[in-house]
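Number of protein chains: 2
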Amino acid sequence: MITRMTKLFVRTLREDPADAELPSHRWLVRAGYIRRVAPGIYSWLPLGLRVLHKVEAIVREEMNAIGAQEVHLPALLPREPYEITHRWTEYGPNLFRLQDRKGADYLLGPTHEEMFTLMVKDLYSSYKDLPLSIYQIQTKYRDEARPRAGLLRGREFVMKDSYSFDIDDAGLQASYDAHRAAYIKIFDRLGLDYVIVKATSGAMGGSASEEFLGIAANGEDTFVRSPGGYAANVEAVVRPLAPARDASGVPAPHVEDTPDSPTIEALVALSNARFPREDRAWEAGDTLKNVLFMLVQPDGTREPLAIGLPGDREVDTKRLEAAIEPAELDAFTEDDFLAFPALVKGYIGPAALGLGEDGAGVRYLTDPAVSEGTRWITGANEPGHHVYDLVMGRDFTSDGVLDVAELREGDPAPDGSGPLTLARGIELGHIFQLGRKYAEALGLKVLDPNGKLVTVTMGSYGVGVSRAVAAIAEETSDEKGLVWPRNVAPFDVHIVATGKDAAPLEFAATLAEAVSEAGFEVLLDDRKASPGVKFADAEVLGVPTAVVVGRGLAEGVVEIRDRATGERTEVPASEAAERVVAILNR
Amino acid sequence: MITRMTKLFVRTLREDPADAELPSHRWLVRAGYIRRVAPGIYSWLPLGLRVLHKVEAIVREEMNAIGAQEVHLPALLPREPYEITHRWTEYGPNLFRLQDRKGADYLLGPTHEEMFTLMVKDLYSSYKDLPLSIYQIQTKYRDEARPRAGLLRGREFVMKDSYSFDIDDAGLQASYDAHRAAYIKIFDRLGLDYVIVKATSGAMGGSASEEFLGIAANGEDTFVRSPGGYAANVEAVVRPLAPARDASGVPAPHVEDTPDSPTIEALVALSNARFPREDRAWEAGDTLKNVLFMLVQPDGTREPLAIGLPGDREVDTKRLEAAIEPAELDAFTEDDFLAFPALVKGYIGPAALGLGEDGAGVRYLTDPAVSEGTRWITGANEPGHHVYDLVMGRDFTSDGVLDVAELREGDPAPDGSGPLTLARGIELGHIFQLGRKYAEALGLKVLDPNGKLVTVTMGSYGVGVSRAVAAIAEETSDEKGLVWPRNVAPFDVHIVATGKDAAPLEFAATLAEAVSEAGFEVLLDDRKASPGVKFADAEVLGVPTAVVVGRGLAEGVVEIRDRATGERTEVPASEAAERVVAILNR
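Heads up: the sequence lines are chains W and E, in that order.
All residue numbers for the first sequence refer to UniProt numbering, where the first residue is 1 and numbers rise by one.
All residue numbers for the second sequence refer to UniProt numbering, where the first residue is 1 and numbers rise by one.
Calculated from the structure, these hints are not laboratory results.
Among the hints, a few may not be true.
[Said to hold, decoys possible] With a Cα cut of at most 20 angstroms, we get these calculated SDA-like pairs of lysine to any residue:
1) Lys102/W to Asp330/E
2) Lys102/E to Leu329/W
3) Lys128/W to Asp526/E
4) Lys102/E to Lys128/W
[As the list claims (entries may be wrong)] Which residues of chain W face chain E? A partial, calculated answer using Cβ under 7 angstroms:
5) Arg11
6) Gln69
7) Pro78
8) Asp143
9) Ala231
Using N, Cα and C, we set each Cβ at its ideal position, and we do this for glycine too.
Produce the complete structure using the sequences and hints provided.
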């Protein structure tokens, strides 16, 4: 198949689009692969669609290879099933909701657990029908608060979502493992550099879950790894509670006047100067910082939350957001302080927090470092005052432990497998052991071998198909443009004819014919444009192999260029077709 | 590729679904191809999706063959472009509208003229870039008032829509002709029996337009044909105004008392008895019936419309609806009569109608039969009274001509090509010469060879892809189930192993292997079910060729069954693979 540039619906742009911060976004737009229609909503031009279809084909092949069967569900879905599982409400503003002409409520499906569960309930009734894995490659909708980075976080996007149905936990584990193995093959074939990390289940519910993260400096997710093999999205890291300490020698708590100490640093300096510790100097980690937030529940109700953590750590809002789902995070405002007069801004201490009798009615959760017997300097609930030698368990308690502090390079892995390193990634896939949550809610039961009705256990598995296109571009593009791996490139070879003579174009057309007949997809640049424009466009478009047919033809040579390495090889024109085919067959 | 029935996600139903009136709907549900999710919204199970994908592949091939390039636009679209072309309003309640979390207005695209126009405007700027044809195979949305017949009239459905862009009318004609030729190939390959008829452009605007109608007794559209080659959707038929007549001998109009004549029949009988006509008996066609409707404009305003037509004809509401688009039709109610006191129910005559000085402010449009000099009996605007010898042009006029009377078998074709026959059909495709309407509204201009900016002229071309699946089923299914043409069948061959012995199943599996290796898709019924159940399911599922491996195997024979003809052929088991492959290669 030969596509001529003079006919191809594409235009490359010389300038970066104004809204494009990431390389993938920039180059996919500049190279004419996609165009923005609205925030987080994109059109696919012919080149982009070719890549998308190749990614889809790889996903489809690997799903079929594990015996998963393809189906296709609507995007426009009735409210009722999502009402039963509470997701109609829990999705909050992330759900696109609408009404039809009769006033019936509908949503644009963000994911299809409910509908797949009902479909299996409709068709199947016996353990003999299981296991079953079914999937679709389908357009999904989420009204993201911050659509971002082109295809990386869109509001309309293409996903492959599969669902497994098993009679028991062992079956679910097997289905999960099969999907995990298939995902490894998919992302390997897509040429992506990725890690598999522990993940949280979020709004989906369920127990075990892992993410496939494409390693990318601009990724939205942060993950940690240890030399011993621990790997997790920071959202899923749960540090164990620090060991209890013996606090028998700690003096009784005492409130001190601590003027001019608005920062942890100033407080530590003042403390060391005026209230020195007996055994060593005070450090930032000896202070207990209490940070206030407002949680907004899906029904709109707001409730306060205080997080107590060592002064040398910050709250990681992404970890906190993951921990409080489906609630959303909001700032604790001046108006909120008015509603909780016991809270003294800048001097909040445990005594004014907590849901207990003495508290201000503010849920108080503490970092795992705040264990029994630990000793703290913290707010005294009076302006300009802190309390010293406040001991956890002896002098105060919290409503529970919550690990949402920012993780740091070198922190120990929770499983003791060594110091953590941090990196960023793009979520490419997510696999969940849902368990019986949806089957229970929607009544998906089958007869077991003893004729007893049992609830089916489910898994849910997603690949961001359109996002994968962007993730590949993000990983592989360089300062000149896109650089596609061979498996997903829009064309196998880009033949560029240069010069004003007829000979190069004729030779290029013949060469294109020969390579096309060998079963490859050829892009032929037959435009009347300068060699400079054509070479630049070839680099922007990113087809892995280019052949330049130009001045050298008179001497019987053409040039083969490798987009990824930049390598250029002159080959005899008479051998060009053979050499190109050999490269493409590699 | 072999699919085993024991693994296939399908269940056939013994009973018709309650809501299924048409064979296609009934069998697609009973055979486990589709499932209803909400009114007009369906899920595709594996078998249905296989057929859908085959139809899509044929459409894609023929589009690519005429040089059309595939793109993919969002379904969720911003309001603004549709506001500019007025379609945001004109679509009325047929449009699914929604707001995002910021309150911005969106719609679910019913068709994409606006977005394609803007995309070409974004990329192209010169006549040298044209002609261009681009298309997508995409999910579309229309909030139909009466979703019907499963996939035949859905609210979420798959369409192929293409758009052509040309610099001049000759270019548009060429693009239109290319699409027309491609559509012929598509519907031929789909095995459909269809006609190409003149059509109205409806809300789309533009000039020339034709429809491809699949001939089907249950079709929603009615079309006419003449021996001389005239073919048109009844909505697009425009009968010429009847020739003027000499009315010089007609007496002056006179009002008569006509009691007890509530029907045309009674009025004619009474007239012949009491007020005989001088030259011949009065006939129903001599009476002028004035029928009242209310039009509801997209903005909700209601306005009255009176249609005057001979008493032997009825108003065809589908023709009328097509004529008044984007307005919708509503009944003229008792309340409406109160608002127009000049209108006497049952005795409405031209004197009380019309927008002129003497009228009641009701637009009055007359049938083409009501030409200059024609002589009528009609209402006298008094209870129990009719006026006789009222002559068009002499005694009354109308506000214009509107041809919306029900057409009848034997009516003359408007082009004089002979008597019309009527039949019903399913709209499979629609091709439009849009002209410059959208390009003008959205500012799509390019530089012509003289450096002058000229507005581009466009065509729009649609194939109902999911509807085609139903149309094929509607045309081919029989009393036992589905009967797929080979090109779109979910499998090439259905191999049924019967009996409790291991031998038939083993032989069937080996046969499946051999046929699969020859490149065909095999469905292998390896279930532990009775032969009766398996044969019935094979007939319901409708794979064109079945092979039964059963008792005959002991004598060395298997049976090949043709689903369409019912023909059964015993062949030596040793030759089975060869014979099946020969049939599939035919």
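Okay, the hints, checked on the actual structure:
{"no.": "1", "hint": "Lys102/W to Asp330/E", "in the structure": "holds, 17 angstroms"}
{"no.": "2", "hint": "Lys102/E to Leu329/W", "in the structure": "holds, 18 angstroms"}
{"no.": "3", "hint": "Lys128/W to Asp526/E", "in the structure": "holds, 14 angstroms"}
{"no.": "4", "hint": "Lys102/E to Lys128/W", "in the structure": "violated, 49 angstroms"}
{"no.": "5", "hint": "Arg11", "in the structure": "holds, 5 angstroms"}
{"no.": "6", "hint": "Gln69", "in the structure": "holds, 5 angstroms"}
{"no.": "7", "hint": "Pro78", "in the structure": "holds, 5 angstroms"}
{"no.": "8", "hint": "Asp143", "in the structure": "holds, 5 angstroms"}
{"no.": "9", "hint": "Ala231", "in the structure": "violated, 34 angstroms"}
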